[in-house]
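Q: Okay, here's what each chain looks like letter by letter:
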Amino acid sequence: MTFAVVLAGGIGSRMGNSETPKQYLMLGKKPIIIHTIERFFVCPDFEHVIVLTPKAWVAHTENMIKKSLGDTDKITVIEGGSTRNETLMNAIRFIEANYGLQDDTIIVTHDAVRPFVTHRIIEENITAAKKYGACDTVVPATDTIVESQDGEVISQIPNRATLFQGQTPQSFNAKKLKDLYESLTDEEKDILTDACKIFAMKGEKVYLVQGEVSNMKITYPFDLKVAATMLGGDFEE
Amino acid sequence: MINSIYQLTAPRLIEVTYGEIDLSEGGVLVRPSYLSICRADQRYYQGARSKEVLAKKLPMALIHECMAEVVYDTEGNFKPGERVICIPNTPTEDDDIIAENYRLSSKFRSSGFDGFLQDYVLMQPDRLVRISEDVNPDVASFTELISVSMHIISRFDKIAHSRRNSIGVWGDGNLGFITAILLSKLYPDVKLYVFGMDYDKLSLFTFADETMHVDEIPDDLKLDHCFECVGGAGCEPAINQMIDHINPEGTIALCGVSENNVAINTRMVLERGLRLFGSSRSGRADFEKTVKFLEDNPTEAHYLETLVGEAFDVRTIPDIHKAFDADKALRLGKTVIHWNK
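Chains as they are written, first to last, in our numbering: chain A, 1 to 237; chain B, 238 to 578.
Where hints are given, some of them may not hold.
As the list claims (entries may be wrong) - Pairwise CB distance ranges, derived in the manner of DEER restraints:
#1 B/Glu262 to A/Leu184: 44 to 50 Å
#2 B/Ala563 to A/Lys130: 30 to 36 Å
#3 B/Tyr339 to A/Gly100: 38 to 44 Å
#4 A/Met201 to B/Gln283: 49 to 55 Å
#5 A/Glu62 to B/Ile554: 35 to 41 Å
#6 A/Lys29 to B/Lys293: 25 to 31 Å
#7 B/Asp259 to A/Met201: 39 to 45 Å
#8 A/Met201 to B/Glu547: 40 to 46 Å
#9 B/Leu250 to A/Ile154: 36 to 42 Å
Everything labelled a hint here was simulated from the structure, so no lab data went into it. In this text, a Cβ means the ideal position worked out from N, Cα and C, and glycines have one as well.
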């Protein structure tokens, strides 16, 4: 079975003056998170959509979903964890408790603040995760990436041709992810904040799915302006 | 939900734009899967329409020939994954007399509003016709074009007198090919002639009783009824040739699109009491008939399969350009897009 996991655990501290977590800001006629959830909700490949939010926003998110999609038993909103990986583990625990964790259970994990994800990206994630066990959605790096160990001088400038910018979805064989995560020490868990990194560090192959520049992450107020413009609407400060 | 729409913004320039789909409005969400390029799409793409028309119509997503898969039905009548043919004509009012495809108020995809180059399309259920998995999806992609032929023949059947010993089809292109296939099956006792300009193309009309170059039609050949599937500058000499070879009170079906006015020999139209009627777009009933035809007639479906020129796996905007460029070079046949963008 394949599950969608929408990650809305962050409190969005980077979204300027807004006190509302960024995923709940309006984009066009609906909150960003609803646009994203709907993308996965309509996709028949998914057995269930699990949405992980801060505790205080669980009921609020449920209300938003009901308002937009009516009563549905295809979506469950649960509380996220203290870190991104803990949030993922909460989703896997939910799946395990309600559906059981099989060898072929796939999770497609996606940032709630990337509402422009396309059908192709989702389909290719599912296919790659089924085939390879793990995949990451990326676009070729366009800016030169500069590495600095001390934040003052350049340590090195990696060859841009081999660099990609990570997006989401990131998709995994759920059982494999759980096993790998549980094998980490607490120190490793602190360092390995990205699930793909866990796979890569443990010598597992993570395949690349071609993303889209438009599959942007709405992180800063500037991003929301760009997103609203992309949607053809006016943005009000 | 945010939807990606791939619009032609200027000739040969396709850009992605975004729109919102509101599922609470009701309808069936479909994912276009197999698409086919029509001459009308190609004319927009190449900018071969007047400046005024381009200014009025663009930006617009192209493609109105589409097979899709159901993604989500707000009413639950269609199942996810079901194959459906999308009807591009979209009526906005009821009319007991005028058919949906001829109402001035009706809208048509990739002409009056966005076509099917989109991530998802929210369709009204009456704009979808289920099609069997047994039908070749490349052929199913141009069901709309076949339905236009079906529509022409259905109207012909109502309009033309009942003596149907011989029928002539002018035009050795896609429309002529499809119309001739349908006629050969629907009127098996009729002697079917096909007239064209290209011997190679005419040699493919193996299901017709006779094929001839338009310069070699015997003067004494007389036909009960004629179908003009030529279009463009060629339709004028074609129609006049039909008028010369048709029996009195015969019917001429005009099916080819011309950008220019066409001068025809009305003296002979009057003298012989001919009927000329026009047809272009098709409606739901024609789609239903066409889908049934494809499902029930595998031999004719195989003939139609030979029309599939090249099928393009489209994952990027440059892939769309490749498909349109290849289509431009086609002498006969349909360019199919496997839509994976």
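Q: Does the beta carbon distance between A/Met201 and B/Glu547 stay inside 40 to 46 Å, or does it fall outside?
A: Because 45 Å falls inside the window, the suggested range holds.
Q: Does the Cβ pair A/Met201, B/Gln283 satisfy 49 to 55 Å?
A: 52 Å, holds
Q: How does the Cβ-Cβ distance of B/Leu250 and A/Ile154 compare with 36 to 42 Å: does it lie in that range?
A: This hint holds: roughly 40 Å between Cβ atoms.
Q: Can the suggested window of 38 to 44 Å be confirmed for the beta-carbon pair B/Tyr339 and A/Gly100?
A: 57 Å, violated
Q: For the pair B/Asp259 and A/Met201, does the Cβ-Cβ distance stay inside 39 to 45 Å?
A: Between B/Asp259 and A/Met201, where Cβ atoms are some 43 Å apart, the hint holds.
Q: Cβ-Cβ distance between A/Glu62 and B/Ile554: within 35 to 41 Å?
A: For A/Glu62 and B/Ile554 the Cβ distance comes to about 38 Å; the hint holds.
Q: Could you see if the CB distance from A/Lys29 to B/Lys293 stays within 25 to 31 Å?
A: 27 Å, holds
Q: Does the Cβ distance between B/Ala563 and A/Lys130 fall inside 30 to 36 Å?
A: Roughly 32 Å apart at Cβ, these two residues keep to the hinted range, so it holds.
Q: So the hint says 44 to 50 Å: do the beta-carbon atoms of B/Glu262 and A/Leu184 match that?
A: Holds - the Cβ-Cβ distance for B/Glu262 and A/Leu184, about 47 Å, lies within 44 to 50 Å.
In the structure shown, a violation is registered for the earlier hint numbered 3 alone.
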